[in-house]
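J.: So the chains spell out like this:
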Amino acid sequence: MSLKNKKLRPRDMANKDAVLSPIDDLAPLPAPYDTNGLEPEFKPMKPEWAEKHCASLDGFIALDTLKRPETKEEEDEFVKKFLSGLEKLFSDSNARGLQPLKLTMEFCAKCNTCSDACHIYQGSNGDEIYRPSFRVDVLRRMYNRYFTPGGKLLPGFTGADVEVNWESIARLAELSYRCNLCRRCAQVCPMGLDNGLVAKEIRKLFSQEMGIAPTPVHAKGTELQLKTGSSTGLTKPAFLDTLEFLEEDIEERTGRKVKFPIDKKGADVLLMHNAGEFITWPENPAAFAILLDEAGIDWTLSSEMLGYDSVNYGIWYDDFQAKKVAMKHFEVARKLGVRRIVVGECGHAHKAIAVAADRMASAEQRVPVESFLPLMADLVRKGKLKFDPSKNDFPVTLHDPCNVVRQMGIVMPQREILKVIAPQFREMTPNGVDNYCCGGGSGFAIMSSYNFGDFRDKVSARTKWAQIINAFKDEFENPEIIKYVCAPCSNCKGTIRELLKEYKATANYNVQYGGLVELMVNALVSMDKPYLEFLED
Amino acid sequence: MIAAYVFVIIGLVGFLVFTAVKAWKYSHMPVHSRVDLYPVPGEGNGRGAYGGSYFENVNWWERPRPHNFMAEVWYIAKEMLFILRMFENQRSLWWASYAFHLGIYVMFGWSILMGISVILYPAPEFWIIGCNIVGGVGFALATLGAILLLIRRCTTDELRKYTTPQEYFNLLLILVTLLTGIASWLTAADPFEVAHDVFTLNASAELPALVVVHLVLVGITLLYIPLTKMSHYIGKFFAFHKVSWDNEPNKADSHVAQAMRREAELGVVKNEWAAPHTHTDGPEK
Chain W
1422 MSLKNKKLRP RDMANKDAVL SPIDDLAPLP APYDTNGLEP EFKPMKPEWA EKHCASLDGF
1482 IALDTLKRPE TKEEEDEFVK KFLSGLEKLF SDSNARGLQP LKLTMEFCAK CNTCSDACHI
1542 YQGSNGDEIY RPSFRVDVLR RMYNRYFTPG GKLLPGFTGA DVEVNWESIA RLAELSYRCN
1602 LCRRCAQVCP MGLDNGLVAK EIRKLFSQEM GIAPTPVHAK GTELQLKTGS STGLTKPAFL
1662 DTLEFLEEDI EERTGRKVKF PIDKKGADVL LMHNAGEFIT WPENPAAFAI LLDEAGIDWT
1722 LSSEMLGYDS VNYGIWYDDF QAKKVAMKHF EVARKLGVRR IVVGECGHAH KAIAVAADRM
1782 ASAEQRVPVE SFLPLMADLV RKGKLKFDPS KNDFPVTLHD PCNVVRQMGI VMPQREILKV
1842 IAPQFREMTP NGVDNYCCGG GSGFAIMSSY NFGDFRDKVS ARTKWAQIIN AFKDEFENPE
1902 IIKYVCAPCS NCKGTIRELL KEYKATANYN VQYGGLVELM VNALVSMDKP YLEFLED
Chain X
264 MIAAYVFVII GLVGFLVFTA VKAWKYSHMP VHSRVDLYPV PGEGNGRGAY GGSYFENVNW
324 WERPRPHNFM AEVWYIAKEM LFILRMFENQ RSLWWASYAF HLGIYVMFGW SILMGISVIL
384 YPAPEFWIIG CNIVGGVGFA LATLGAILLL IRRCTTDELR KYTTPQEYFN LLLILVTLLT
444 GIASWLTAAD PFEVAHDVFT LNASAELPAL VVVHLVLVGI TLLYIPLTKM SHYIGKFFAF
504 HKVSWDNEPN KADSHVAQAM RREAELGVVK NEWAAPHTHT DGPEK
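Protein chains in written order, with my numbering: chain W, 1422 to 1958; chain X, 264 to 548.
Heads up, a few of these hints could be off.
Distance condition first, Cα-Cα at most 25 Å in a straight line; then the derived SDA-like pairs of lysine to any residue [what the hints assert, rightly or not]:
hint : chain 1 : residue 1 : chain 2 : residue 2
1    : X       : Lys285    : W       : Pro1576
2    : W       : Lys1523   : X       : His291
3    : W       : Lys1840   : X       : Tyr313
4    : W       : Lys1648   : X       : His542
5    : X       : Lys533    : W       : Met1631
6    : X       : Lys499    : W       : Phe1511
7    : W       : Lys1509   : X       : Arg525
8    : W       : Lys1573   : X       : Leu486
9    : W       : Lys1501   : X       : Thr541
10   : X       : Lys424    : W       : Ala1448
11   : X       : Lys514    : X       : Glu335
12   : W       : Lys1641   : X       : Asp544
13   : W       : Lys1744   : X       : Ala520
Please keep in mind that the hints were generated in silico from the structure rather than gathered at the bench.
Input sequences plus hints: build the corresponding full structure.
T.: Take a look at the structure:
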């Protein structure tokens, strides 16, 4: 164990160490991962990565667009731009983020109550840089040094002691991507302050002023979505082909005829999926189609630009990108004349369109938005879907996506459904609004460049992984018993998929994962064959 | 003497004015993006208790949105009176913090009693005994809490490395003010007489140097608190009520919609960001 990692202070951000806080000892995992040797190793960092980027925070690189300067002029320009962005962050240019930001910057008592609520701080076994308060204190000290009278006149007295240079700025940029923005820290703050939100504000500074954001989130994320219609690069013709293929595949596999309604004007429901579902987990949109048809809902998908991809990566790093994407989503719904948008199993898409976009435009420009969860729970409650729960007679646990639960307050509908369809349902501890993030939140699920995937799988997802193991404590090691992690969110699902693969949990212990609607369809009385692929054998 | 009296009054007025100015500034900031964080205790239909919201309803925008005002008041009262979140999540620091804050609350009550004493002057004996008990408890708790907080901030590594010299100064200023107060009222003067002299600006009264020092420190502390983060009594209100719990949908007739329309007319939201994509409606050119 490196004591240095536990002893770092905010002002050390500017020091000359090759790696400020190298990852070493991590929080222990529960049995059998304490002894089975199945935990993957970290990939070694290549020296050329550090020469090109900033690997000097903890040895990981999230920001592949952050390049080391080659000349003194480039370095000076970088510092100048950062300070300019820092000033704008606290001005009317950031009007919609100003109040929460200023409150956290001004009133933090530095009691560190937030630390123990953070799954990354926990997972790293208490490395100082991962405290939610550490990164915010670095920002505070930098800001005070340049922009407050106290900090300018008496920097030593007011603690404005973080030197602003390329290394400290780049480390701060990287550090803003060591937070999943799950905001669990804010739930425990005695002042009600929000260090998670400030991590996002730091990301905004780098993106909106300096054009620095991870490629999977910006260039291959929001930009690609605005250009092609989807962050997956899926174009309209490819999307229509995919649907056709899906209809055939479902019929072949289950004997069930499914028809996806496309661009149906005036439908009650415009269902919006994360387009990744069509490509990676097609059984999920197919399950939605089966359930909505069986319940007699008047619904449609959209094939318009952005209409078939509900994701909005902008909410993780850039207000402008978030607004552009959200406005396109509303435009699609308005043109179709639907009564409501229903968001499928994608957590951040829920928050983006229902909460974040709520104050981006007027009521006339928007269309009412609802989660699929209350809709499905309502159908279950009204008996529009008939279930045989014995079809799901295996242990099931539920992951609560932070965006849907802690940040939208949708807690009970999913539980209501699971109690009907899964006789062996059990909660994780803690759960509901107190849940832990999957470790893939705020873009981590799609960020795997260089060695960042290792950080996600071994550090940020560590607490969730321990929760999953503990939820199946009695039967985890028995491969005869199927264990199902229900994760009704694409990015959470992607993270859990990586966990099960990297820790070889499916291969060795028969731990499966998927969404909620697949489990619902599997339990439908009307289904002749199992819907979940792992039950087919 | 009169200067010390005036200074205390200036301190009191300054405290109120600076507090009001800061609260006004926070209340007049532009409408912020929604950043709901659940549980929101005021959510009706029992949802506040488990962290649920109106989003759990089908067609939520067509339904009434019941608000449980009492649940919200109860939550914030527990948080203010007992610092519940710290009690639940960081008990070891809570003892010191709670003693300090409870002491301040009690002393606030004592100050009001002393104000009434000026009106009653000379106050009846039962009143004097009551005031002395309240003041004694307040001074003892606040002083003990301040000392414990200082010790914790000096000795616990995870607190020490984040604490700035100014934050030590803040605690020390309050501690010295409290200690000079204790010394003054126990050894040098009668607080009832001094309170009466202060508020009647009685220039003929003779005051020991210790009491003068204490009164000046009281004035300085009162002026200083609202200018620093010790004014978190303001921040806490906005952080809870106006940020985390602000889940009011932007409906056409809502006050959020009205405020945003006003801001649009006034051009409150500016865009001075430099990255090219912040100046296009679609993808970067």
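J.: Going through the earlier hints one by one, which of them does the structure break, listed in rising order?
T.: none
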